[in-house]
Amino acid sequence: MGTGDPVGIAVTHAIAAGMGGMRTAGDLVARMQMTQGMKIREAKKYVAEKLGISIQEIADPVRMNELRADLNIGTVTQVPEAAKGIETKIRISELLGIKINGVDRFKQRAGLKL
Amino acid sequence: MGDGAFVEMTESELRRDLEEGTRQAAQRARVAPLSEGELNHLFDIYLIPAKFVGVELGKEIVLSLDGGTVKPKNIGVHLGRTQTVQLFERMLGYDTMELGHVDYSWKQVKPIISWEQHDLEQILLVTTIPLFYGAMPNLGLYTQPDGPVPNPADLIPQGKIAESRTAMEEAIEHAVRDMVFCASKLYESGADGINLDTTGGAGDHDFLAALKVTEILKKKYPEMCIEMGMAGEFVLGTHGEVAYQGVRLAGLYPHEQVKLAEKAGVTIFGPAITTNSSKSHAWNLSRVATFVKACVQNASIPVHVNLGMGVGAAPMVNNGPSDATSRSAKALVEICRLDGL
Numbered sequence: 001m002g003t004g005d006p007v008g009i010a011v012t013h014a015i016a017a018g019m020g021g022m023r024t025a026g027d028l029v030a031r032m033q034m035t036q037g038m039k040i041r042e043a044k045k046y047v048a049e050k051l052g053i054s055i056q057e058i059a060d061p062v063r064m065n066e067l068r069a070d071l072n073i074g075t076v077t078q079v080p081e082a083a084k085g086i087e088t089k090i091r092i093s094e095l096l097g098i099k100i101n102g103v104d105r106f107k108q109r110a111g112l113k114l
Numbered sequence: 001m002g003d004g005a006f007v008e009m010t011e012s013e014l015r016r017d018l019e020e021g022t023r024q025a026a027q028r029a030r031v032a033p034l035s036e037g038e039l040n041h042l043f044d045i046y047l048i049p050a051k052f053v054g055v056e057l058g059k060e061i062v063l064s065l066d067g068g069t070v071k072p073k074n075i076g077v078h079l080g081r082t083q084t085v086q087l088f089e090r091m092l093g094y095d096t097m098e099l100g101h102v103d104y105s106w107k108q109v110k111p112i113i114s115w116e117q118h119d120l121e122q123i124l125l126v127t128t129i130p131l132f133y134g135a136m137p138n139l140g141l142y143t144q145p146d147g148p149v150p151n152p153a154d155l156i157p158q159g160k161i162a163e164s165r166t167a168m169e170e171a172i173e174h175a176v177r178d179m180v181f182c183a184s185k186l187y188e189s190g191a192d193g194i195n196l197d198t199t200g201g202a203g204d205h206d207f208l209a210a211l212k213v214t215e216i217l218k219k220k221y222p223e224m225c226i227e228m229g230m231a232g233e234f235v236l237g238t239h240g241e242v243a244y245q246g247v248r249l250a251g252l253y254p255h256e257q258v259k260l261a262e263k264a265g266v267t268i269f270g271p272a273i274t275t276n277s278s279k280s281h282a283w284n285l286s287r288v289a290t291f292v293k294a295c296v297q298n299a300s301i302p303v304h305v306n307l308g309m310g311v312g313a314a315p316m317v318n319n320g321p322s323d324a325t326s327r328s329a330k331a332l333v334e335i336c337r338l339d340g341l
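Chains A and B, in that order, give the protein sequences. Each residue of the first sequence is one higher than the one before, counting from 1 in the working numbering. Each residue of the second sequence is one higher than the one before, counting from 1 in the working numbering.
Think of the hints as simulated: they come from the structure by calculation, not from any bench. Please read all numbers here as calculations on a predicted model, not as lab measurements. Accuracy of the hints is not assured; some may be wrong.
As a list, the in silico EDC-like pairs of lysine to aspartate or glutamate whose alpha-carbon atoms are at most 20 Å apart [what the hints assert, rightly or not]: (1) A/Lys-39 with A/Glu-49; (2) A/Lys-99 with A/Glu-81; (3) A/Lys-84 with B/Asp-119; (4) B/Lys-185 with A/Asp-104.
Examples of chain A residues toward chain B, derived with CB under 10 Å [unchecked claim]: (5) Gly-8; (6) Thr-12; (7) His-13; (8) Thr-24; (9) Asp-27; (10) Gln-56; (11) Asp-70; (12) Leu-71; (13) Val-76; (14) Gln-78; (15) Val-79; (16) Thr-88; (17) Ile-100; (18) Leu-112; (19) Lys-113.
From the three backbone atoms N, C-alpha and C, an ideal C-beta is built for every residue, glycine too.
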């Protein structure tokens with residue numbers, strides 16, 4: 001990424017090439033790159049296996065929105081009484097079997113079991 | 001064009017520029033030029049009669065940003081940083097986001113670190129996508145009159161090369177200390193990753209400082225994610241003699257830079273290839289793809305290429321045309337097998 005006006009760069013990239021973040025499984029794939037150093041194919045494969053769906057489906061916003069709601073790991077549209085923010089990340093950490101720095105720090109500060 | 005101007009080209013002009021772009025990059029970096037098939041793919045991307053193009057289904061990649069929460073300020077929108085992260089998460093579908101200080105240099109972050117930690121901790125409570133904290137090494141800020149060491153830009157014209165090098169080496173020590181201090185604090189607040197952005201902007205000593213910081217941080221926090229974004233396609237030899245693990249840094253191209261980044265412990269590497277504003281977009285894109293393809297082939301860590309104003313074949317203009325930038329994204333993802341932008 002780089003600078004420039006948001007429509008010319010940030011919006012363009014999101015539509016032209018991005019995974020879709022919380023609309024799909026983009027944040028989950030990003031976490032595998034960030035915590036395990038996985039290349040894109042390996043990261044997608046790992047996430048797809050953990051979710052029990054195909055690699056194609058993890059970038060499908062309709063399929064992923066349903067699955068994210070079922071797993072309660074946060075959907076891009078707000079749903080009352082569903083997990084949000086740090087609550088979703090605690091679930092994502094368990095789902096993917098990875099350590100999330102912010103989750104561990106939150107648990108330490110809240111006096112919860114790590 | 002590389003400056004964003006709209007031009008019409010014949011098919012033979014387009015093919016000529018694609019061939020010249022890859023040849024120029026291959027000669028400079030001593031890497032393989034794009035193959036005939038890859039040039040044909042680029043050619044086909046330009047022939048798509050659409051104002052906007054995208055990668056093939058299934059080839060989507062991860063997005064990371066530099067200067068994430070600074071983006072609204074660039075367009076004069078006064079928005080809180082929590083809301084900015086939420087907008088990127090929920091309105092733009094971003095895979096990751098970054099918190100950054102408007103001055104975007106680690107030296108400037110140090111005096112306000114506790115406020116940055118406070119904001120970071122609050123944002124982490126209400127968002128889901130991974131959150132980086134990013135800033136630049138910006139070793140220029142350590143030189144007089146803004147910083148403590150003599151300014152090489154004053155010393156070099158006077159022929160004081162040795163004194164200039166000594167000043168740069170002192171600047172490295174200051175910068176490393178500041179970056180390790182700030183990154184440690186932010187990681188302990190819960191940051192998902194640290195972005196050392198525009199690395200090498202002041203030259204080879206700037207790159208060395210970032211490599212040293214990475215090494216120190218990874219020893220201190222082995223699980224820390226560090227993204228290193230570069231400033232240009234080759235490392236400027238401002239110092240000329242500094243080396244990392246026996247490799248002289250001046251003049252290194254992306255496929256060589258990434259190997260040193262890996263040795264230092266970088267998690268995600270971001271090559272930056274400068275756009276030539278007086279050449280066509282096709283010339284630039286073919287050239288960028290050549291550098292980046294070699295970098296990705298040589299990398300065992302994820303590569304997120306810098307594709308923003310003036311780099312990565314994005315036109316050197318503030319409000320870049322999406323027909324050009326979306327073609328850059330599609331071409332680089334599909335030809336270079338990128339892991340992200």
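Hints versus structure:
| no. | hint | verdict |
| --- | --- | --- |
| 1 | A/Lys-39 with A/Glu-49 | holds, 16 Å |
| 2 | A/Lys-99 with A/Glu-81 | violated, 25 Å |
| 3 | A/Lys-84 with B/Asp-119 | holds, 18 Å |
| 4 | B/Lys-185 with A/Asp-104 | holds, 15 Å |
| 5 | Gly-8 | holds, 4 Å |
| 6 | Thr-12 | holds, 5 Å |
| 7 | His-13 | holds, 5 Å |
| 8 | Thr-24 | holds, 8 Å |
| 9 | Asp-27 | holds, 4 Å |
| 10 | Gln-56 | holds, 5 Å |
| 11 | Asp-70 | violated, 16 Å |
| 12 | Leu-71 | violated, 12 Å |
| 13 | Val-76 | holds, 6 Å |
| 14 | Gln-78 | holds, 8 Å |
| 15 | Val-79 | violated, 12 Å |
| 16 | Thr-88 | holds, 5 Å |
| 17 | Ile-100 | holds, 7 Å |
| 18 | Leu-112 | violated, 14 Å |
| 19 | Lys-113 | violated, 17 Å |
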